[in-house]
Amino acid sequence: MSTGTSLPERPDLSPDVEFENRKDNIAKVDRGKLSAPLTVAMVAAGAFLAFMPIGRSEFTGVMWLWLLVLAGVGFIHLITPDETRNGQMVKWVAIAAFFVWMSVFPIGRAGSTMTDLGLFTIFGAVVVGMNLTQGFAGQISLAQAAFLGIGSYVSVLLDFGEEVSLWGLTVNLPNLPFLATIPIAIGVSMLLSILIGIPALRVQGPWLAFVTLAFNLLVFLFLNNEDSLTRGSRGMRVLRTDFTLFGVDMLPSQNFFYVGYAYLLFALGVVWWIVRSPWGRALKALRDNPGRARSVGVDVRAYTLIAFAVGSGLAGGAGAIYARQVEFIEPRSFYINQSFDFLLATVIGGLGTLAGPLLGTSTITLLADYLRFTGDWYRVWFGLFVMLMMVVAPEGAAGTYNRVRAAIQKRRQEES
Amino acid sequence: MQQFLQVTISGLATGAIFAIAAVGFALLWQTAGAINFAHGEFIMVPAVIMLTLGLGQPTLGIPDFVPLIGGTNVGFALPQIGLIAGFALTIPIAIFLLGYLFKVSLVDRLLVPGGDDIPLVIATIGLGLFLREYVHEAWSATPKAFPSVFGNSVWRPGGVAITADDIGVMVVCALTIGALQLFLRRTFLGRQMQAAAQNAETAQVLGVPVGRMVLLTFALNAVLVSIAALLVSPSVNARWDAGLNLGLFAFTAAIVGGFNEVRGALYGGLLIGVLQNWSGAYVSNLYREAAPLLLLILVILIRPHGLFGRPEERRI
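As given, the protein sequences belong to chains F and U, one line each in that order. Numbering-wise (this note's numbering), the first sequence opens with residue 1 and increments by one. Numbering-wise (this note's numbering), the second sequence opens with residue 1001 and increments by one.
To be clear, the hints were calculated from the coordinates, so they are not data collected in a lab. Be aware that a few hints might be false.
Footprint (simulated), chain U over chain F, 3 or more residues, beta carbon under 8 Å [stated by the list, open to error]:
#, stretch
1, 187 to 201
2, 209 to 216
3, 334 to 348
4, 379 to 388
Label pairs and their calculated CB-CB ranges [said to hold, decoys possible]:
#, chain 1, residue 1, chain 2, residue 2, range
5, F, Ala302, U, Leu1298, 19 to 25 Å
6, U, Ile1302, F, Trp167, 23 to 29 Å
7, U, Arg1185, F, Ala302, 40 to 46 Å
8, U, Ile1302, F, Leu173, 47 to 53 Å
9, F, Leu173, U, Arg1156, 30 to 36 Å
10, F, Ser233, U, Asn1152, 29 to 35 Å
11, U, Leu1301, F, Trp101, 45 to 51 Å
Heads up, the beta-carbon is just placed ideally off N, CA and C, and yes, glycines get one too.
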């Protein structure tokens, strides 16, 4: 999302400045041209996927339709200048249309399509959280699956309210309603992330990535080994029978979908609010130029830590909903692989944007489904794809889009 | 007491292997500024190549490399030339694939001077995923037994069982690290490498071919991971997912020991190997792998430059 409210500044007409600007423009336009082959490749890949007869379900059909709509809206947005009233309208109408469409979509649908779509909203929220840590605070967290797991187990255990024992300590857990466990899941995840974030963020460098990787393994070992608390590798069943929220039966997945959907909106809202707040501006300054941000008095460590905590907290809350969506949790679901998948979704969508995580999550879900005919080979292609992407377009899909758009707008301004 | 000695000795042997892997990781980080999240896979891949070339195992199915055509496995077995010969053949392959190709295709493109290191970190995570899943699909999804080059004989002086493998591993590790230290401290080439690691610009001005030194580091790393693969695989087997833990322990050793010293990585590796075995024997076997990770978090909290390293100094 670019800030569209600022008017273009009156150009300074002194010759030197004009020369500087033009040089700047040329550089930008050239970079825009560079991504043309990439766009062609992406369109070709899209066409390939669309006409592939294998592995298509109703869910992938839906996702594909959505990507098409997104591409159409994106194209209109691409050629409409942001500063005009039309440009603003296109943007907001597109955003509103997407959310209205998502809201009415489940009516009259059932079964695996809704389960898949529900998972999409939950993973979307996790990736939105990760994007805050990575895109805005510039730190890599590889424990997002661990926080998802922590949220799941905390919420389910508090919901069951059974007597559990851990390391010789027996506790009678309270039996809380589902909605009350979500803030607790978020709180526990945030607290743990602060505990591991404080040492990791003390020094410059990618320490958070190392520490979170270790943390994810520790959490997995704990969930797998503490049989009396988590039932170990046998997992826990979390059925949605006899489960109502506000008088609505949550057993049908088209009803439960709205819980995940609401949470995704909540996650987007939180990140949107953070980015707009003065605090978010400091984060942005940090992302764009850490040295300068530090020199004007931004406490780098505190801001990064809070961004990491919020990102992890969002994953924790998503875990509470995830457990009910799949109705079964086991430690394997929260292993390091899952964290890597979240990382890939974040990177593919584009760092530091609001639309990126949704784009990335849907691309990953779609790719996984379409490439399923290759057996497990799709993970091999994923790996290659990520490396290629880092070399060709490290900003991700949304970032590349913004770059192309900026180039087009610049050129248009130059012509007029 | 007997059990204590037993556990400690085998821990030292495992730790020595971690140390070799950690030295490679630290070398790349210091000289090229490249943080390699696929380091564990860099140890797994040579083990797979060694087993395939040396013992012809499992039979290769070439069409499996092209998933679109389908998995018709036209298998053919390679002649069995023995593990040592396989190791010798692996080294040049590893130098090319894990050294040269890795440097040219990823590191050189992604590590711009003064730029962000996050793209390279993500790309190496992608590389790790690629190598892991590639071996899983194209080679074998089940672990393959990997024989020890030192044989299976066991001695029992005073009731403590010492295997030939433990002794062999420790001797080879000591020789490797000793040779590396001599190379870095005493030879002209080694001094040039150190200069390139400490201050690339000054070294360039003084006539050190920095680019070539960096390339040499990548080659050295490839040799080190090949040695680590040969030594560690008898205990972890040749398997596609071995790299996850190995990589984690290698960089834990590097960080715990302090990555600006070869000696630091050595002590770090030994410490982690022993600690892992002690916690497995005396605390809980379920949490064997947890102890080094807790140590990692603790060290980063208290001494981020490592137990044996010095802050703000680049040295190899």
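- Message: Please check whether the stretch 334 to 348 of chain F has three or more residues whose CB lies within less than 8 Å of a CB on chain U.
- Response: n = 5 at 8 Å, threshold three: holds.
- Given the range 29 to 35 Å, decide if the beta-carbon distance of F:Ser233 to U:Asn1152 lies inside it. Roughly 32 Å apart at Cβ, these two residues keep to the hinted range, so it holds.
- Query: Holds or violated: 19 to 25 Å for the Cβ distance of F:Ala302 and U:Leu1298?
  - Reply: holds, 22 Å
- Query: Are three or more residues of the stretch 379 to 388 of chain F within 8 Å, CB to CB, of chain U?
  - Reply: Holds, because 8 residues of the stretch 379 to 388 of chain F bring their Cβ atoms closer than 8 Å to Cβ atoms of chain U.
- Okay, the stretch 187 to 201 of chain F and chain U, do three or more residues pass the C-beta test at under 8 Å? holds (count 4)
- Task: Return holds or violated for the Cβ distance of F:Leu173 and U:Arg1156 against the range 30 to 36 Å.
- Result: violated, 51 Å
- Query: Using the C-beta atoms of U:Ile1302 and F:Leu173, is the stated range 47 to 53 Å upheld?
  - Reply: Violated, at about 35 Å.
- That 45 to 51 Å hint for U:Leu1301 and F:Trp101 (C-beta), does it hold up? For F:Trp101 against U:Leu1301, whose Cβ atoms are near 48 Å apart, the range 45 to 51 Å holds.
- Task: Please count how many residues of the stretch 209 to 216 of chain F have a CB within 8 Å of a CB from chain U and say whether that reaches 3.
- Result: The restraint on the stretch 209 to 216 of chain F holds, since 6 of its residues have a Cβ under 8 Å from chain U and three suffice.
- Verdict for U:Ile1302, F:Trp167 (Cβ pair) under range 23 to 29 Å: The hint (23 to 29 Å, Cβ to Cβ) holds, given that U:Ile1302 and F:Trp167 are roughly 25 Å apart.
- Query: Is it true that the C-beta distance of U:Arg1185 to F:Ala302 lies inside 40 to 46 Å, as the hint says?
  - Reply: The hinted range 40 to 46 Å holds for U:Arg1185 and F:Ala302, with Cβ atoms some 43 Å apart.
Checked against the numbered hints given earlier, this structure breaks hints 8 and 9; the rest are met.
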